[in-house]
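Visitor: For reference, the chains in residue letters:
Protein chains: 2
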Amino acid sequence: MLNNIFALKGTFCYSKDSQNLIIRENAYLICNNGISEGIYEELPACFQGIQVIDHTNKLIIPGLIDLHLHAPQYTFRGTGMDLELLDWLNTSAFPEEARYAESDYAQKAYQIFTEDLKQSPTTRACIFATLHTDATMILMDLLEDTGLKTMVGKVNMDRNAPSYLMEQNASTSAAATRQWIDAVSGRHYQNTFPILTPRFIPSCSDELLILLSEIQQEFHLPVQSHLSENPGEIHWVKELCPDSLFYGDAYDHFNLFGRDHCPTVMAHCVYSTEEEIALMKKQGVYIAHCPQSNTNLSSGIAPAARYLREGLHVGLGTDIAGGFSLSMLRAIADAIQVSKLRWRLVDPSLKALTLPEAFYMATIGGGSFFGKTGSFEKGYELDAVVLDDSSLPSPRSLPPLTRLERLISLSDSSNIIQKFVCGNSIFSNTEDR
Amino acid sequence: MLNNIFALKGTFCYSKDSQNLIIRENAYLICNNGISEGIYEELPACFQGIQVIDHTNKLIIPGLIDLHLHAPQYTFRGTGMDLELLDWLNTSAFPEEARYAESDYAQKAYQIFTEDLKQSPTTRACIFATLHTDATMILMDLLEDTGLKTMVGKVNMDRNAPSYLMEQNASTSAAATRQWIDAVSGRHYQNTFPILTPRFIPSCSDELLILLSEIQQEFHLPVQSHLSENPGEIHWVKELCPDSLFYGDAYDHFNLFGRDHCPTVMAHCVYSTEEEIALMKKQGVYIAHCPQSNTNLSSGIAPAARYLREGLHVGLGTDIAGGFSLSMLRAIADAIQVSKLRWRLVDPSLKALTLPEAFYMATIGGGSFFGKTGSFEKGYELDAVVLDDSSLPSPRSLPPLTRLERLISLSDSSNIIQKFVCGNSIFSNTEDR
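The listed protein sequences derive, respectively, from chains B and W. Mapped onto UniProt numbering, the consecutive letters of the first sequence carry residue numbers 1 to 433. Mapped onto UniProt numbering, the consecutive letters of the second sequence carry residue numbers 1 to 433.
Note that these hints are calculated values from the structure, not bench results. Every residue, glycine too, gets a C-beta built ideally from N, C-alpha and C. All clues stand as given, with none of them false.
Per label pair, the in silico range of CB-to-CB distance:
no. : chain 1 : residue 1 : chain 2 : residue 2 : range
1   : B       : Lys378    : W       : Glu25     : 56 to 66 Å
2   : B       : Asp87     : W       : Glu207    : 53 to 63 Å
3   : B       : Thr354    : W       : Lys238    : 25 to 35 Å
Simulated pairs of lysine to aspartate or glutamate, DMTMM-like, Cα-Cα distance not exceeding 20 Å:
no. : chain 1 : residue 1 : chain 2 : residue 2
4   : B       : Lys108    : W       : Asp389
5   : W       : Lys351    : B       : Asp82
6   : W       : Lys108    : B       : Asp389
7   : B       : Lys351    : W       : Glu84
8   : W       : Lys351    : B       : Glu84
9   : B       : Lys351    : W       : Asp82
10  : B       : Lys9      : B       : Glu37
11  : W       : Lys108    : W       : Glu144
12  : W       : Lys372    : W       : Glu37
13  : B       : Lys351    : W       : Asp87
14  : B       : Lys118    : W       : Asp412
15  : W       : Lys351    : B       : Asp87
16  : W       : Lys378    : W       : Glu42
Examples of chain B residues toward chain W, derived with CB under 7 Å:
no. : residue
17  : Ile112
18  : Gln337
19  : Pro393
20  : Glu405
Sequences and hints are given; from them, build the entire structure.
Guide: Put into structure tokens, the structure is as follows:
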């Protein structure tokens with residue numbers, strides 16, 4: 001039993017709630033079977049003798065949750081960024097995703113992606129694969145080995161896509177999805193879980209959404225998709241779904257938009273209407289706010305601060321490769337930055353995101369989609385990222401909150417020296433320090 | 001003579017003009033006494049036998065020019081970013097700058113700054129120090145040793161600043177400036193040059209600006225300052241200078257705004273009026289566009305694309321510590337990103353900056369403030385940055401322009417493996433590669 005108990009020593013930073021960060025300097029976090037037993041100034045008597053992993057003077061934050069990214073697009077991140085969403089899909093995303101029909105290519109590309117994700121500050125993620133079942137299984141196998149907790153979706157798309165990247169019709173798409181769910185259940189993964197992934201309304205026929213809804217109810221799967229990202233896309237959805245009251249209503253019509261038995265995460269929500277916002281709140285839909293992607297694809301700036309302050313579920317996503325950076329620390333900084341520009345240029349009544357708010361989004365905000373995760377409070381699953389800021393020297397000593405703020409803006413992968421998921425160390429780079 | 005001639009081999013990327021990037025794959029760039037002799041597919045017969053520094057398959061770009069940054073603020077970059085300009089100056093910038101009254105602190109802090117600048121993609125920079133003459137000389141001594149080409153300014157400020165960071169009056173400020181110019185001339189620097197640095201209109205009395213104009217004319221110094229950054233600041237300048245037609249006119253009134261004998265660089269120009277823009281164009285004033293700072297301090301987004309396309313001089317600046325990143329590659333990416341948001345949110349008639357345009361700004365655009373620099377064409381001073389992108393693996397081979405685009409978005413300091421200024425290697429990190 002004691003084998004599964006250990007303590008992490010260091011300076012802990014985590015969210016109490018969306019307005020307050022807690023700092024515990026050089027304290028002990030007890031991990032019992034992957035679950036936090038809380039933080040203590042001194043090692044309690046009942047835990048004397050357990051292993052202490054000593055990161056004195058390092059900062060330790062909860063593992064960050066990336067609520068939205070496209071694994072196959074990692075190969076072209078940071079390139080071809082001069083187009084808007086629909087042109088970018090046709091020019092960059094679709095041709096690249098088509099390559100994953102080849103398992104060799106998928107293996108090579110996903111190997112690079114999963115290794116980098118493992119070394120990033122992310123511990124959990126909602127991931128789009130491609131429509132290819134084999135390639136999706138390759139990705140899931142590789143992710144399982146990283147120790148990261150992920151939800152991965154074989155993508156569904158049966159209309160309005162190039163012939164080289166489209167399923168023949170609704171039933172073949174649904175059949176492939178059932179085959180994929182079968183394959184997943186045969187693998188008995190510990191870390192990697194399927195999530196239903198209709199690409200977005202323009203790519204999915206009504207017939208397909210009906211079949212996916214049946215699959216969702218049969219297997220109790222969560223759902224991920226895109227929502228109200230770009231004006232051109234929204235206009236297109238209106239044409240495609242003349243009977244829908246708004247974009248989100250087109251998902252809701254097929255029972256793929258939250259409610260009790262369908263945990264749902266929707267990426268973007270840059271232009272959600274009042275009705276859409278109200279429905280997301282009512283039905284507990286998660287919003288994956290992707291500030292870098294919304295900038296790179298000239299989509300705009302989502303009112304993420306409003307969503308958070310009005311009590312909607314909102315987390316952050318890198319949206320690789322609409323976003324080019326895999327770092328969720330950068331996503332925090334980006335979210336704050338664009339919220340300032342939105343305040344200045346769009347709506348001075350919506351104050352910019354504060355650091356505690358953006359940090360909350362990246363931890364508990366998105367983490368609750370995975371259960372009790374994103375915090376160090378007692379009872380939470382213990383995901384942790386150990387940050388070494390010695391590459392950022394200062395002529396004077398800095399308080400922990402200032403050090404955290406600096407790392408959010410300035411860190412690169414070299415600052416991440418160890419990572420825990422459910423109490424397991426999945427990555428350590430502490431040898432030469 | 002041959003000792004001063006060598007060739008760089010690699011894949012060169014540089015601007016032909018503001019609309020076109022030139023790529024020369026695995027070619028030879030000849031450097032003769034610090035000046036480019038042009039790029040050749042093969043080593044010309046007349047250069048056979050010269051040293052070839054072989055960076056085959058690496059990307060080589062011109063050294064980047066940072067037109068605006070505050071060296072003393074490097075210590076707190078990435079922190080305290082929740083305020084607008086004027087509050088931020090009082091809360092973060094001024095208290096920190098006051099510490100440079102202590103030479104020991106200045107030495108420690110500037111040592112960190114200059115070492116990081118040396119390892120960044122920057123080869124030339126226009127730098128604000130503080131009002132302290134001694135600390136400014138410490139900074140200049142350290143910069144001289146890096147081999148970087150810099151213009152450094154002792155800051156002038158004699159009003160509207162806290163007593164702990166203000167010169168007594170105009171004459172003491174001017175006298176300290178003359179004393180500083182004397183000290184600089186005694187050092188016989190090869191790389192480091194003085195630039196007159198009235199902080200901004202709110203900090204400088206009319207009397208001071210008259211004295212600085214006399215000094216400018218006597219010593220033929222260039223000038224750097226701030227212009228039209230933030231609505232609150234601009235409103236204040238209107239109150240302080242009721243007779244000025246616009247902010248820039250307040251500098252021009254004292255002959256500190258371009259024209260033939262007063263090379264001038266003004267940071268920001270987020271809210272320049274038509275009259276101000278026309279005067280900057282007419283008098284050849286350089287604009288240092290600082291996209292990250294303008295975002296962090298909620299200032300807004302400057303119409304940099306307009307300035308460039310209308311033929312004004314415009315370069316990029318990191319504006320440490322309004323900006324938190326010292327990387328001019330990131331400044332290129334930031335400039336493109338904010339120009340997209342400006343297109344979407346402010347003015348759909350002004351198309352976003354293209355990659356060639358932003359790259360041009362960071363090289364020739366700002367480089368011409370230093371003379372013939374920022375390009376590899378024959379006759380240019382040879383500043384070069386060698387980039388190794390092997391830390392960004394790809395499952396397929398990528399063309400050089402795509403590799404450059406990726407590095408602009410994704411590079412960190414580990415991707416910079418060698419740097420040349422005027423043909424001298426000032427930094428090399430190629431041992432273990």
